[in-house]
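> Here are the chains, one letter per residue:
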Amino acid sequence: MTTFLEKLLINYPYVISVILFFIGTLIILTQSNLFKKLLGINVMETATFLMFIAAGNIRGGAVPILSDTNAPYINPLPSALMLTGIVVSISVTAFALALILRLYREYGTVDANEIARLRNGGMEK
Amino acid sequence: MRDFILKRMIAVILAFIFVYGFYVILHGHISPGGSFAGGIIVSLSFIAFATVYGIDKGKEKLPEKFLVWVESYGTLWYGLMGLVGICKGAPFLANKLAGIDLGVPGTLSSGGLIGLIGFGVGIRVASTMITLFYTLMEGDA
Amino acid sequence: MMTSWTTHLPVFVVILPLFVGFILPTLARRLRLVENLVIAVEVISFVMAAALAVLLFKQNGSPIPYAMGGWPAPWGIRIIADNLGVLFLLVIAIVGLPIALYTKGNLREEVGGRSRTARFYALYLLLMGALAGMAVTNDLFNVFVLVEVATLSACGLVSAHRNPRAAEAAFNYLILATLGSGLVMGSIGFLYITTGHLNMEFAARELAQVWQHSPHVVWMAASFMLTGFGVKAAMFPLHVWLPDAHSMAPTPGSAVLSGLAVKGYLICLLKILYNVFGQTLMRHFTMHHVLTAAGIAAILAGSILALRQDELKRRLAYSTVAQVGYIILGFGFVNQRGLAGSLFYLASHALIKSTLFLTAGAIISATGKTKVSELAGVGRKMPLTMGAFTVASLGLVGIPLFSGFVGKWHLLLGSFESGNFAAAAVILAGSVFCAAYLFPILRNAYFQETPGENWQDPGMAQRAAFVLLSAAIIFFGILPTPLLTLAQRAAADLLFLQ
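If you read the protein sequences in the order shown, they are chains A, B and C.
Per the working numbering: the first sequence = residues 1 to 125.
Per the working numbering: the second sequence = residues 1 to 141.
Per the working numbering: the third sequence = residues 1 to 498.
It should be emphasised that the hints constitute simulated quantities derived from the structure, not laboratory data.
A virtual CB, placed ideally from N, CA and C, is assigned to each residue, including glycine.
Each hint can be trusted.
Here are some chain A residues the structure puts well away from chain C; computed CB gaps all over 10 Å:
1) T30
2) P76
3) G121
Which bits of chain B does chain C cover? Going by a derived footprint, with three or more residues having C-beta under 8 Å, they are:
4) 67-77
5) 82-94
The shape of chain A in the complex, shown without the other chains (with noise of 0.2 Å):
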């Protein structure tokens, strides 16, 4: 029978898959500025990409292509899935970059905060 932490330490992809999704959480809420809650976003999306491939992997098993090698392959269906989750991402970064460019040209800067104050700002003039 296996300790809980030796459970973790050999499940150590999960773990860390968890810990990145959640530090990419706290970034997005917590920052105000627009590129960071990006680059939270980026950070969360590794994360579960990270999870799925764990979870295809066979360790010392061969790549999923004809060949003579006896291993067993590894799953290859979630990296596939996961090179759907990157297209994703991509179109979310730069979706996301044009609307920061816009915002930046509007109010010259990219803080969150300061774009409110500047709205408000201008708004009771």
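With chain A fixed as given, assemble chains B and C onto it according to the hints.
What follows is chains B and C alone, placed relative to chain A:
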């Protein structure tokens, strides 16, 4: 940028990056890579050109209108390839069921429609990436 | 030949708007053609959804499966047009056509140049395709991809408005929605690790056998799923992005976001909760209590927040928060009446809220006034627009003979059946609140002094849109049977009743 070495190097390397990108796109079904990775490589060749020679020169070579066109019809191409199955009485996106000869496993022709679909997706990805590059670079001005 | 084309309907419903949407940016020079193309796509989608509904009724509600590429279920992707899916397809088609009509010749004022307008249409059709995909999908990872497509195009629709505040609203929406989809993807990962399947039926079968080996992982998957879709569908404490995004978007964008996009996420949540986790696991994790509590909180808080808004579009946006509460409340009853009521309410709210947003947009662009208190006398100057607004308001409050009533009535029956009398009281209180924030607008519009300004009803296409939507609201209020039967069968499917 007015760096002579950089400009000559890009002029030489560009073609190789370009061809390698299409190699990756077309061999997606028998080796690692595929339309997305290949499309990114194709776009990188052009992004390198536009970075070194300046964005205006890049737009002369590949105008945005052309990119929009490729983006739209690259995707439509995917849809048309899917319809081949329906026209032959098989489900949408059918490959072998649509009566296409798949040849010997491991060769380039063994993908059937996948290679053609991959080509459409690849040029679409490449043109989208270049459009994004243009959009974000114009923020400097 | 006819039969072979009808078998492909479930996939055509999804790919037609997607692929037409993709070629629209190349036609930016010919905006009239783009407008007519979008209307044509919506008409064809409506015909296809109606044909699917007829097929489904002929088969007495047994679902229509479709294997993509001819690959059978656990290996390939199989999409299913079942009662729930066809119900939502019908809603999309009925709401989508009037919105497309409303945009005709009317969009550049809010959006700007030609290519921006063409891109707006492309995003609109992309969103429609993604929503149709959510209706028929039966695969967990496809849910994630479609949700992402819908989120990105919805953010694009918000940021299409020329006002820079729209960009800010879109950015906040994008960040929170991506946080939500990160949670959804994590949850799908947990489900895939525990079950080894992405197909919903197979995952459900496997999950029922193995969940006791790792209950914590399954519990985490369930809570991630609930929170993720909760953010996207603006479940009450997670609604902070909605008022800004829905009130800053261009008018047709607001209508489609409030009317349809939020509902798409709710349909996905419903499918995963009932089809994958199943009611046994839901009760074990007490998820139905969470849903009921969130629904009650949303109805009360959303209504009170709506009462305090003076800006017309913001008031309608907060009202959406409250109405989503009704739908979630019905999900939490876990009985056939409650679920059927919730689904019918989902359909009728889609109709009503898009009418309200479209008419509000027409009023704002005709008068140039955005505040509720400034709209005195609109009813006499713009009789048709205000008439549609009145019909929709009466429907939202739940007056008999309007479609909102049928949904609320079945929700009430469901709450009695589950013995939850507090929920019943909240449903009734919500109607009173709803009257409190909508009727003052009507009173101002009809019974106040008419100012001298020259306000007019909008053009023909817009009038046609208002007439179609009001007619649908009244039609489903007087003759709810077809839609209600579909909703009841869908509820029975979700609860695995025979």
